[in-house]
Amino acid sequence: MFEMLLIEGIAIGACYGLFGVAVAIIYKTSDVINFAQGEMGMVATFVAYHILTVYNVPFWIAFPATLVFAILLGMAIEFCFLRPAKDPTVLGLLIITLGAEMLLMGLAGWKWGAEQKDFPFLLSVTKTHEIMPGLLINEWTIGVFTLTIIIMISLFLFFRYSKLGIAMRATQQNVNAAKIMGIKVERVFSITWAMSSLIGAIAAMFFAARSVLDPNFMMEPFMRAFAAAVLGGLTSIPGVVIGGLIMGITENFFGYAWPEWKPIVAFVVIILIITVRPSGLFSKHYVKKV
Amino acid sequence: MKKVFIASMIVCAVLVGSFFVFAAGKPGFDNKEIRIAQWGPQTGPAAPWGSVARGSGLLFQIVNDEGGIHGRKIKYFIRDDQYNPAQTKAVVKELVEREGIFAFVGGVGAACGMAVKDYLAQNKIIWVSPSTAIEEYVFPVNPYLFAMYTLYDDEASILTKYTVEKLKAKKIGFLYQNDAYGKSGLKGCKARLNAYKMKLVEEISVEPGEKDLSSQILRLKNAGAEVAVLWVNPTSAAIALKTAATIGYKPQWISSNTLMDFPLMNKITGGLWEGVITGGLGLPTHVDHPLMNKYRAAAKKYAPEERFGVFYTAGIMFAEPLVDALKRVGPKLSTEALLKQLNATKNFQGLGAVVNWSPTVHQGTDSIQILKCGPNSSYITLQDWTSNELATWKKKK
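Keeping their order, the protein sequence lines are chains A and B. Its first residue numbered 374, the first sequence is counted upward by one per residue in this note's numbering. Its first residue numbered 281, the second sequence is counted upward by one per residue in this note's numbering.
If you're looking for bench data, these hints aren't it; they were derived computationally from the structure. Where a beta carbon is used, it is the ideal one built from N, C-alpha and C, also for glycine. It is possible that some hints are incorrect.
As the list claims (entries may be wrong) - Within a straight-line C-alpha distance of at most 25 Å, the following computed DSS-like cross-link-like pairs (lysine-lysine) qualify:
id : chain 1 : residue 1 : chain 2 : residue 2
1  : A       : Lys500    : B       : Lys547
2  : B       : Lys620    : A       : Lys490
3  : B       : Lys674    : A       : Lys500
4  : B       : Lys652    : A       : Lys490
5  : B       : Lys674    : B       : Lys620
6  : A       : Lys490    : B       : Lys530
7  : B       : Lys547    : A       : Lys484
To be verified - Listed next, the stretches of chain A that the computed footprint assigns to chain B, with coverage defined by at least 3 CB atoms under 8 Å from CB atoms of chain B:
id : segment
8  : 395-409
9  : 477-488
10 : 579-591
11 : 632-644
Please construct the entire structure, taking both the sequences and the accompanying hints into account.
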């Protein structure tokens with residue numbers, strides 16, 4: 374039983390972590406928490422559902438097509454909503470993302486309706502493999518864990534060693550200095566939103582396969598993924614994934630022992646840790662001079 | 281300055297005057313029509329339940345086609361409250377004070393109904409068959425409110441009796457939504473088990489929005505629950521069944537009537553709903569029954585775009601006792617006359633259970649059917665209408 378709880382905790386935690394990475398990427402570049410992240414993933418998942426069920430195309434075509442859509446959606450939201458804002462404050466940008474969230478939710482409700490749908494994902498949660506007697510692991514779990522590790526390592530290397538990754542980090546630390554150094558910050562923002570939307574769409578498709586698809590299905594996962602990202606440290610990609618894993622495992626073990634406390638126990642742990650380390654477990658704390 | 285003052289006073293007087301006119305409202309009927317209304321979520325997260333209000337509309341359409349009731353046609357109003365109690369208040373006030381509504385029927389949402397219950401009673405507006413089971417609606421008796429939705433604790437009690445006596449289950453687990461709906465089901469199940477001197481092997485709560493139920497399902501599995509009762513919403517039920525399949529747990533699932541839309545449940549669980557047993561509040565939509573056949577034909581004619589599902593037919597079912605009572609009133613219609621006939625409702629049966637209302641009891645029934653999801657989302661009737669002999673409210677009568 375211990376092993377099953379651990380596997381299930383790691384699986385859902387990896388999913389939180391993956392989605393948390395999408396939130397963290399935008400934060401790393403612009404200090405903004407994108408409250409439309411969940412709904413961007415939701416709309417992308419609906420597009421995948423539409424391609425799969427209306428056009429009846431195989432998953433290996435629908436999946437990349439959805440990822441292309443997600444990239445364009447991220448760039449479009451940045452271009453249409455955030456870029457026109459003149460000298461925006463962080464609070465102003467937050468409000469803009471909240472507006473985008475409502476707009477996307479309304480659009481999804483109008484186009485696909487509020488009735489729940491089953492998302493036909495390639496990796497099934499019901500196809501299980503017995504790795505040891507009594508210990509089952511399903512395709513979905515293997516998929517989400519593998520993909521999260523690959524994306525985490527790729528992003529870590531990207532931000533550490535690639536020119537674009539370094540430009541993104543520079544933009545986050547000081548936009549004006551980045552401009553002076555020749556970084557095209559608008560292009561950086563656009564690419565950041567595209568990357569974030571892409572990763573968010575992958576995570577949302579995993580969430581939909583495990584639950585059901587409707588316009589509200591990403592609200593709760595977004596809250597937990599955001600909390601996991603804060604726990605790990607919003608500026609550390611591996612930290613965000615580890616935060617997600619801590620969240621998933623803690624919830625599962627406490628949820629097993631005291632089910633009625635499950636919804637809040639992870640948040641209590643987060644509050645305790647943030648009290649001791651305000652920037653999260655793995656994030657460096659920058660102090661800006663006034 | 282004086283002119284401005286006089287003009288302001290006139291504007292104020294007109295506004296205050298119009299307020300009293302609207303507050304008084306129209307009488308709700310005349311020689312040509314009876315105005316009946318319903319709120320329901322036509323948009324927003326609960327929009328799938330919006331078909332309840334549209335289903336009632338089908339019955340009124342049929343009644344009007346047959347010549348109306350004693351020469352009066354039913355004028356029916358649907359308002360979208362988006363499952364938001366604040367919106368429900370606004371639309372109900374608008375309907376009562378602007379349109380002049382004689383009676384309300386149905387009305388999805390416990391919180392939405394609670395938000396307007398007292399307002400309707402204060403304005404002496406009759407409300408028949410709320411689309412949810414809330415004890416506070418009918419206990420103590422509200423003279424203007426008549427309920428026919430079987431209380432959740434009665435339903436859970438009947439299902440538990442079936443589980444113990446027919447399925448011979450010894451170990452029963454209960455997964456419930458942490459709200460009034462879930463707790464009512466738990467209460468009914470425990471009351472029945474007490475009568476058998478049995479106890480639940482597990483009782484676990486879930487929050488309505490929870491997306492990961494693995495620890496809860498693992499607990500049910502570990503407790504050895506051979507029957508798992510679900511008193512949750514459709515999304516939580518789908519997650520529970522998927523998670524159980526993931527960890528290799530295969531109990532007999534049992535659930536409330538709120539999950540008796542087998543085609544929908546089978547669709548969102550990827551076919552896992554087959555074999556699940558639920559309570560049934562109304563006849564399954566496919567049955568060969570004179571009333572159901574009539575409504576199915578009418579739906580094809582008037583609402584071909586509607587899915588003839590259980591929520592849609594529930595809307596018809598909720599409106600049936602109101603139409604019956606209006607017919608019995610005769611041509612001399614008034615609120616008092618309709619109340620008298622509703623209170624005299626005896627053994628009325630449409631698509632649902634037998635309904636009885638009296639001046640002292642406005643909870644119309646305590647019965648359900650027991651259904652099983654068969655192949656291709658078909659409905660298998662395991663047990664016909666059964667009442668709850670343990671119902672505590674019947675003993676208070």
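The hints, checked one at a time:
1. A:Lys500 with B:Lys547: 18 Å, holds
2. B:Lys620 with A:Lys490: Roughly 45 Å between the alpha carbons, so the hint for B:Lys620 and A:Lys490 is violated.
3. B:Lys674 with A:Lys500: Answer violated: B:Lys674 to A:Lys500 is near 48 Å, above 25 Å.
4. B:Lys652 with A:Lys490: 22 Å, holds
5. B:Lys674 with B:Lys620: 21 Å, holds
6. A:Lys490 with B:Lys530: Given pair A:Lys490, B:Lys530 holds - Cα atoms ~23 Å apart, limit 25 Å.
7. B:Lys547 with A:Lys484: 19 Å, holds
8. 395-409: violated (count 0)
9. 477-488: holds (count 4)
10. 579-591: holds (count 8)
11. 632-644: Contact hint for the segment 632-644 of chain A vs chain B: holds, 4 residues under 8 Å.
In the structure shown, a violation is registered for the earlier hints numbered 2, 3, 8, in ascending order.
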